[in-house]
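Start from the sequences, fold in the hints, and give me the full structure.
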Amino acid sequence: GQSLEQPSEVTAVEGAIVQINCTYQTSGFYGLSWYQQHDGGAPTFLSYNGLDGLEETGRFSSFLSRSDSYGYLLLQELQMKDSASYFCAVREGGVNTGFQKLVFGTGTRLLVSP
Amino acid sequence: DVKVTQSSRYLVKRTGEKVFLECVQDMDHENMFWYRQDPGLGLRLIYFSYDVKMKEKGDIPEGYSVSREKKERFSLILESASTNQTSMYLCASNGGGEGPGELFFGEGSRLTVL
Chain A
10 GQSLEQPSEV TAVEGAIVQI NCTYQTSGFY GLSWYQQHDG GAPTFLSYNG
60 LDGLEETGRF SSFLSRSDSY GYLLLQELQM KDSASYFCAV REGGVNTGFQ
110 KLVFGTGTRL LVSP
Chain B
12 DVKVTQSSRY LVKRTGEKVF LECVQDMDHE NMFWYRQDPG LGLRLIYFSY
62 DVKMKEKGDI PEGYSVSREK KERFSLILES ASTNQTSMYL CASNGGGEGP
112 GELFFGEGSR LTVL
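Sequences listed follow chains A and B, in order. When the letters of the first sequence are read in order and numbered with the working numbering, they come out as residues 10 to 123. When the letters of the second sequence are read in order and numbered with the working numbering, they come out as residues 12 to 125.
For the record, the hints were derived by calculation from the structure and aren't laboratory data. Source: prediction; values computed, not measured. Positions of the beta carbon are idealized from the N, C-alpha and C atoms, including for glycine. Not one of these hints is a red herring.
Some but not every residue of chain B turned toward chain A, in silico, with C-beta under 7 Å:
| id | residue |
| --- | --- |
| 1 | Gly53 |
| 2 | Leu54 |
| 3 | Leu114 |
Here are some chain B residues the structure puts well away from chain A; computed CB gaps all over 10 Å:
| id | residue |
| --- | --- |
| 4 | Leu22 |
| 5 | Val23 |
| 6 | Lys24 |
| 7 | Arg25 |
| 8 | Gly27 |
| 9 | Val30 |
| 10 | Val35 |
| 11 | Glu73 |
| 12 | Gly74 |
| 13 | Glu80 |
| 14 | Glu83 |
| 15 | Ser86 |
| 16 | Ile88 |
| 17 | Leu89 |
| 18 | Glu90 |
| 19 | Val124 |
Distance windows between CB atoms, simulated:
| id | chain 1 | residue 1 | chain 2 | residue 2 | range |
| --- | --- | --- | --- | --- | --- |
| 20 | A | Met89 | B | Lys24 | 32 to 42 Å |
| 21 | B | Pro72 | A | Asp48 | 20 to 30 Å |
| 22 | B | Met38 | A | Gly49 | 17 to 27 Å |
| 23 | B | Arg20 | A | Pro16 | 28 to 38 Å |
| 24 | B | Ser76 | A | Gln28 | 38 to 48 Å |
Set out below in structure tokens:
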């Protein structure tokens with residue numbers, strides 16, 4: 010089977026930096042994605058790491074270490090609108106690499122205060 | 012804009028009823044997915060499909076079935092709804108032209124079974 014672990018809740022203040030960690034156990038690992046979900050909204054894609062290292066997209070960065078089965082999402086210059094739930098998701102592939110599924114973690118609720 | 016549309020945002024059904032949740036995507040995506048989301052449990056994969064008339068069980072398929080007669084439409088069926096199927100149901104899709112870890116989600120269908 011597969012399992013992903015991430016903290017249930019993180020709090021921070023505006024302007025700060027926060028890191029949300031994700032550790033995983035899975036077979037057929039192809040990559041790690043991050044999603045953001047505001048209350049009442051649909052999950053939206055933030056980033057994907059298929060290889061080790063850091064991927065940067067504006068204020069958000071994501072890191073992957075496949076040897077450690079570990080990744081994190083780094084949010085900089087936090088804003089109130091960043092208050093949301095953040096999910097890591099492991100991409101598991103089939104025999105055909107065009108065929109894939111994502112297995113999600115339980116989510117981290119980020120609360121940003123003034 | 013890419014779009015995944017779920018037919019109903021809110022449904023209330025009685026135990027034992029047959030329930031259909033419809034999902035349509037306009038992006039010509041090969042892959043479509045049904046997840047359910049429950050507090051503290053994250054998103055759990057029910058079924059997915061990587062081609063018309065193809066279906067694969069996810070992590071929690073019991074009590075559900077799916078249908079994919081056309082590429083753009085993926086239906087989730089609860090043959091006999093039970094109270095433990097009260098949940099938020101999320102449909103998603105992706106295809107070969109998208110990033111490997113990126114899913115596009117619909118707004119969700121909140122089902123209550125009484």
